[in-house]
Amino acid sequence: MKIRRILLLLVLGLVFWAGGGGYGAWAGVPIPDLDIGQGGHCVADPLYMRLNHMNLLIHQRDQTVRQGIRGGPYSLAVCVDCHASKVNHSVLGTSRNFCQGCHEYVSVRIDCFECHSSEPRNTKAMITGQSRVVKESLK
Amino acid sequence: MKTPANLQRRSFMSQGTALTATVAIAPGVMLYDYARARPAGEAASSAVRWGMLIDTTRCATGCDACVKACNRENGLSGETRPTDSQWMRKVDLVQEGTGRKISLPMMCQHCADPPCVDVCPTAASFKRADGIVLVDKHRCIGCRYCMMACPYKARSFVHEPVTDHSGHTPRGQGTVESCTLCVHRVDQGQSPACVEACAGEGKEAILFGNLNDPNSPISRRLHEVSSVKLRDDLGLNTGISFVGL
Ligand code: SF4
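Heads up: the protein sequence lines correspond to chains A and B, in order. Heads up: the first sequence begins at 1 in the numbering used here, then just goes up one per residue. Heads up: the second sequence begins at 1001 in the numbering used here, then just goes up one per residue.
Each hint should be verified, as a subset may be incorrect.
As the list claims (entries may be wrong) - Derived DEER-like restraints, expressed as beta-carbon distance ranges:
hint : chain 1 : residue 1 : chain 2 : residue 2 : range
1    : B       : V1225     : A       : V87       : 50 to 60 angstroms
2    : A       : I110      : B       : K1203     : 39 to 49 angstroms
3    : A       : H89       : B       : A1112     : 26 to 36 angstroms
Unchecked claim - Going by beta-carbon spacing under 7 angstroms, a handful of chain B positions derived as facing chain A:
hint : residue
4    : A1040
5    : A1043
6    : A1044
7    : A1047
8    : R1128
9    : D1136
10   : H1165
11   : P1170
12   : R1171
13   : D1187
14   : G1189
Unchecked claim - Footprint (simulated), chain B over chain A, 3 or more residues, beta carbon under 8 angstroms:
hint : region
15   : 54-66
16   : 69-79
Think of the hints as simulated: they come from the structure by calculation, not from any bench. Note that CB positions come from ideal geometry on N, CA and C, so glycine has one too.
Work the whole structure out from these sequences, hints included.
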């Protein structure tokens, strides 16, 4: 029992340390070196997002698709807008890109981007997108 | 804007800032009195039922502006090989005996009792509260029962990986898709891309609106003219009706 508690504290300590100090090399445990893109204030606390983003996304996605509720804070497009790398304008591509890097690290396959765009709405969508409104706003 | 609007309607419309912005920057967009973006956080409601009235006497043989607009809007290739997605097709008909020619656009008829929803084993195929029939691609397993069940052949299966996500509709390999009535535009108070394109051609063959509102232009028109629903014998109560068939 005691050993379990110590282990839990160790793991939590590591998580909080990584959360507070940002990503970087930590002796013994490789931490992904991520390009967080624009960064800034996330829609929720970063530690909370690290643990719960998938639940938030799935909850809002079902509400949006099936009930038509729009404008919620936890949209995939918003994640991508902020976290796309300024180098390749995507959250995918290399082990440094925000979504790909972290999911590679934890060995989780993401299939969001088989259907959804991995690029922010203000770049590719604005250039090639067909919405007249978007095009007009470029002028 | 071609639609004449009376003053009351103008003042009503000006209450929505998103809408007035649309009026200013997108000339040619058909705005009727239904056109109001649903506020963020509000679910689609069964007080509304979206539908279309397609006037085949206005639709021109050889014109495919609606199909092109649909493809552009939704990121479809526009190719017509057996494995390409086609959400909207132009159909040319010749009446036997008289030789009268009719041209019309065909797509998902947005049934009130959609067979695709009945047969779907995962509840991926569903009807939204406001009558729009959609595929929840997060649930679709690609079994294609719905494609078999649809009397209008309206659904397509995505055979190839989708690499260009520039369209406004998320699309992916292994799922089934069809006309969404441009749900992303409708939710913003705009009309579907095909409706806008047809009006842009000066034809205005497609009237879009709320069938549940007796005062909407589409309801008033349906009240005035003779119209038919395709395969009405099946009792599916489609959201799309046709004039001049
Ligand atoms: S192909 Fe998808 S939407 Fe169609 S019936 Fe099968 S699971 Fe349902």
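Going through the earlier hints one by one, which of them does the structure break, listed in rising order?
Of the numbered hints, 3, 7, 14 do not hold.
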